[in-house]
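Work out the full structure, taking the sequences as your base and the hints as a guide.
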Amino acid sequence: MTYNEAQKHIIHQSLRPDPMRLPELEAVLADINRIILGKERPIRLSVACLLARGHLLIEDLPGVGKTTLAHVLARVLGLDFQRIQFTSDMLPADILGVSIFDRGSGAFHFHPGPIFTQVVLADEINRATPKAQSALLEAMEERQVTAEGETRALPQPFFVIATQNPTHQIGTFPLPESQLDRFLLKIELGYPDAAAERELLAGADRHEMVANLRPRIAPQQLIDLQNKVRAVHASAALIDYVQALAAHTRTTPRWQAGLSPRACLALLAVARAWALLEGRDHVLPEDVQAVLPGVIAHRLRPADDVAHTDSHAVAAALIEAVPLP
Amino acid sequence: MARANRPVSGRQAWWLLATALAASAPLAQQVPLWLSLAATSAFAWRAALTWRQWHLPPRWLLVLLVMAGTVGVFLQYRTIMGRTPGIALLVVFLALKLLELRAARDAVATALLCYFLVLGQFLFTQTIATALLAGLTVLITTAALLAASDDRPQPWQQLRRAALMLAQAMPFMLLLFVLFPRVQGPLWGLPQDRFSAVSGLSDTMAPGTIAQLSQSDAIAFRVRFQGAVPAQSQLYWRGPVMPAFDGRSWRVAQTRGAYPAVPYAGSGTPVDYEVTLEPHGKFWLFALEMPATLPADSALTIDYQPIARQAVRNRLRYTQSAWPAAIAGEKESPAVLRAALALPEAGNPRTRAVGATWRAQHGDDGAAILAAAESLFNQQLLIYTLNPPLLGADMVDEFLFDTKRGFCEHFAAAFVFSLRSAGVPARVVAGYQGGEVNPVDGYLEVRQYDAHAWAEAWVAGRGWVRIDPTAISAPSRINSNLAAAIPAGEGLPFLARAAWLKDLRYRLDAVTNGWNQWVLGYNPQRQRDLLASLGMSAPDWRSMTAMLSVLCGAVMLGLTAWILRNRLRVDPALAAWRRFTRRLAKRGIAWQSWEGPLAFAERAAAQAPLHAAGIREIAMLYAGLRYGPAPQGSDLERLRRRIAAFKP
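Going down the list, the sequences are from chains A and B.
Reading the first sequence from the start, the letters are residues 28 to 352 in our numbering.
Reading the second sequence from the start, the letters are residues 138 to 785 in our numbering.
Because the hints were derived from the structure by calculation, they are not lab data.
Backbone N, C-alpha and C define an ideal beta-carbon position, used for all residues, glycine too.
Mixed in with the good hints, there may be bad ones.
Estimated spans, in silico, between C-beta atoms of each pair [stated by the list, open to error]:
1) 340/A with 754/B: 27 to 35 Å
2) 253/B with 330/A: 50 to 58 Å
3) 263/A with 576/B: 29 to 37 Å
4) 754/B with 222/A: 48 to 56 Å
5) 277/A with 242/B: 30 to 38 Å
6) 263/A with 195/B: 56 to 64 Å
7) 724/B with 207/A: 44 to 52 Å
8) 277/A with 249/B: 51 to 59 Å
Straight-line C-alpha distance at most 30 Å; calculated DSSO-like pairs for lysine-lysine [to be verified]:
9) 784/B with 723/B
10) 35/A with 784/B
11) 35/A with 723/B
So this is what it looks like as structure tokens:
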């Protein structure tokens with residue numbers, strides 16, 4: 028019995044009855060799922076990432092709904108939204124903002140860049156030069172912007188969704204591993220299945236649907252939920268499990284490099300958010316396993332990896348190798 | 138061998154210096170002063186080397202110093218063999234080894250040398266304090282050895298690790314101690330220079346010899362009675378019998394004829410007891426009057442005094458019994474009686490005159506003369522004191538008629554002299570009288586200040602009769618103890634008087650006695666007794682070795698199991714869950730070891746829809762117990778009941 032086979036039994040079943048889940052989050056998810064069809068799991072993961080105060084990296088081909096996802100998330104959660112299209116001639120000031128001399132007042136005035144918002148879609152981040160990339164990544168890490176010698180805090184909550192084209196495409200500057208590590212999760216949307224695609228084609232205009240969306244929760248509610256995620260209990264047995272997973276990646280020659288402590292923290296944080304989404308006050312190994320592909324996708328490479336390997340396969344291999352402590 | 142060549146770090150050097158100090162300091166009183174000073178300077182040099190990070194002294198200098206030290210030891214003792222010279226040489230080597238700590242292997246060698254020096258302390262003393270000190274030194278040395286392989290941990294961490302390792306070694310040490318086949322002879326005994334100066338009774342008695350002993354509270358021997366302890370006034374511990382008198386001092390008989398067994402018959406119930414005799418360097422053993430049986434390897438002199446075949450140079454334990462009312466020497470040999478009548482040519486005319494009048498009055502009636510002598514002592518109002526005045530040539534006369542003050546040797550000597558001058562065979566018996574029962578362990582402790590002398594007279598038909606002239610004048614000496622009989626203010630060992638210290642002292646003595654009996658005195662006999670009490674009669678060394686290996690293996694297994702159990706202590710909820718999954722596995726629903734409980738429950742429920750509710754409930758309970766916050770004991774009970782009731 029492999030992990031994927033075991034998942035097939037339960038893939039369409041919720042682990043707990045719906046009434047146990049948090050209704051406001053379920054409403055948010057339902058709204059998104061109505062617009063982006065057939066992508067329940069990546070959507071759930073992206074909400075978990077947001078609840079865990081992390082940033083999301085989506086690697087996929089153009090046109091599968093990355094922008095729509097970011098937009099819908101912002102709308103449903105009642106957050107401000109900005110989109111930055113990364114290009115190879117982009118400068119840091121294009122992201123952070125610039126000071127311009129105002130003749131009237133005779134002083135410099137700071138014109139905030141597009142990063143001063145709550146949800147940022149950084150589109151095709153790997154098209155920009157490393158200099159522009161690092162301007163964004165530093166802002167993500169510190170949640171503040173330092174420009175012209177002045178430090179300005181970014182709004183709360185602050186959530187970056189970066190998209191990246193598959194790295195083998197022409198004209199890309201791949202993000203180095205250390206920068207990738209700043210994204211809590213990396214997900215792939217992929218093509219919708221036939222039924223979902225048919226519904227999309229037959230359904231109403233997505234832009235219109237997005238424009239008509241009403242916020243489901245207030246920003247303060249979102250911050251409360253984020254705080255709740257931190258309070259989700261991770262028992263000693265569960266931490267043992269996270270450590271066992273990390274130890275396996277470090278001691279087995281099967282992986283190029285093991286999971287870092289920061290990766291373990293990320294795994295635990297997303298698993299907590301996933302548990303909250305499931306309506307639980309404690310983390311189960313199932314939560315860890317559910318979020319594992321997104322956590323390790325940009326962090327762990329099998330030693331024999333030559334081409335792009337499906338992160339789900341990598342995670343399944345890891346899960347099957349490590350028994351629950 | 139890269140590890141062995143690693144240079145010694147400063148921290149390691151400090152450790153080794155501390156170890157060397159701890160190991161050699163207790164030996165300072167054994168080695169000559171010049172060596173102590175030299176070793177101290179070497180230690181100081183080592184400290185300066187570490188502190189200032191100077192260069193190590195050149196090798197030729199160390200070679201010179203080693204030679205100088207060896208020559209010094211040789212000049213001191215005229216040999217480099219034997220106990221003290223050997224230890225002195227080791228101290229030399231240790232001090233100089235510290236000055237050539239170049240690589241890790243030197244550090245290890247130094248630590249091993251320190252272990253050896255710890256052992257060396259036991260060649261000199263074997264007290265509890267020595268053992269405790271040695272234990273401490275072993276701890277420091279082990280910590281230094283640990284530091285020699287890894288000097289990063291803090292000192293207290295090293296000490297804790299060392300203590301842990303020693304604690305783990307403890308069961309093996311105890312097993313080896315108890316079960317390792319013992320050889321006859323003391324563990325630490327060396328043939329030479331042992332007990333060169335020990336206090337105790339000697340084979341002569343002159344005025345003052347016993348009074349001197351009264352200043353010592355050292356233990357002479359300990360006694361454990363099989364039954365009740367006899368009355369204090371019956372505790373006469375017979376030691377050297379002294380029939381020979383030269384006008385000044387009494388001494389034991391020169392001829393050493395001996396009975397191989399007790400030559401007289403006893404009457405009444407014998408008193409059985411076991412004596413643990415401190416070494417005193419003489420042949421005699423002390424026995425309660427009159428000895429009924431003889432200890433192993435001993436004989437009875439013609440004076441009825443048990444003597445060992447070899448001088449008592451090590452603590453000796455023997456069992457014996459006594460007949461308190463035996464008639465000894467009813468048919469005494471003429472030679473012995475002649476010796477018990479011998480008097481010097483001249484001296485003590487007044488006593489001789491008194492004796493002559495008794496003789497004239499009572500003729501051969503020894504009992505009547507005895508009574509007369511007792512009444513004389515009674516009339517004279519003699520005073521029992523530790524500080525008698527000095528006596529001249531006619532000491533018996535002067536004591537009896539002039540000074541009238543004396544200690545037990547004066548009383549015994551005067552009494553025997555007066556009887557002899559009346560023609561009654563008599564002799565002085567030295568030994569100990571009384572003793573104190575230690576309430577802590579029930580042993581009777583007889584100390585040097587219990588040393589005593591009394592008289593023995595031969596009366597036709599009654600054999601040798603014990604008369605204690607001291608008891609006539611100072612009955613409290615016999616009925617209670619020395620402190621009660623001596624006038625207040627006279628110097629006595631503190632302990633003999635201070636009641637308030639006694640309780641503490643009793644406890645200390647009981648501990649010391651336990652150490653002597655069970656650690657130092659754990660000989661083949663004790664080992665056999667112990668094994669017999671464990672149900673093994675007369676095991677030979679082969680079966681003992683086999684048993685030892687088996688037990689050591691068992692202890693090792695036990696320790697390993699204990700450690701593993703601690704490491705793999707299973708959560709009771711997890712144990713219950715495993716029972717549950719085993720039950721489902723029989724039904725063909727195998728739980729994968731990586732599978733979360735709820736995920737497994739969904740899969741199992743899909744495969745066994747009839748039991749879906751039960752499976753889900755069990756999985757929820759288990760998930761809450763194992764991964765939830767604040768698991769409830771009642772939930773665990775519920776989980777166990779559900780699983781017990783679960784029949785797939």
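Tested hints:
{"no.": "1", "hint": "340/A with 754/B: 27 to 35 Å", "in the structure": "holds (34 Å)"}
{"no.": "2", "hint": "253/B with 330/A: 50 to 58 Å", "in the structure": "holds (53 Å)"}
{"no.": "3", "hint": "263/A with 576/B: 29 to 37 Å", "in the structure": "violated (54 Å)"}
{"no.": "4", "hint": "754/B with 222/A: 48 to 56 Å", "in the structure": "violated (35 Å)"}
{"no.": "5", "hint": "277/A with 242/B: 30 to 38 Å", "in the structure": "holds (34 Å)"}
{"no.": "6", "hint": "263/A with 195/B: 56 to 64 Å", "in the structure": "holds (59 Å)"}
{"no.": "7", "hint": "724/B with 207/A: 44 to 52 Å", "in the structure": "holds (46 Å)"}
{"no.": "8", "hint": "277/A with 249/B: 51 to 59 Å", "in the structure": "violated (39 Å)"}
{"no.": "9", "hint": "784/B with 723/B", "in the structure": "holds (11 Å)"}
{"no.": "10", "hint": "35/A with 784/B", "in the structure": "holds (26 Å)"}
{"no.": "11", "hint": "35/A with 723/B", "in the structure": "holds (22 Å)"}
Consistency note: the structure conflicts with the earlier hints numbered 3, 4 and 8.
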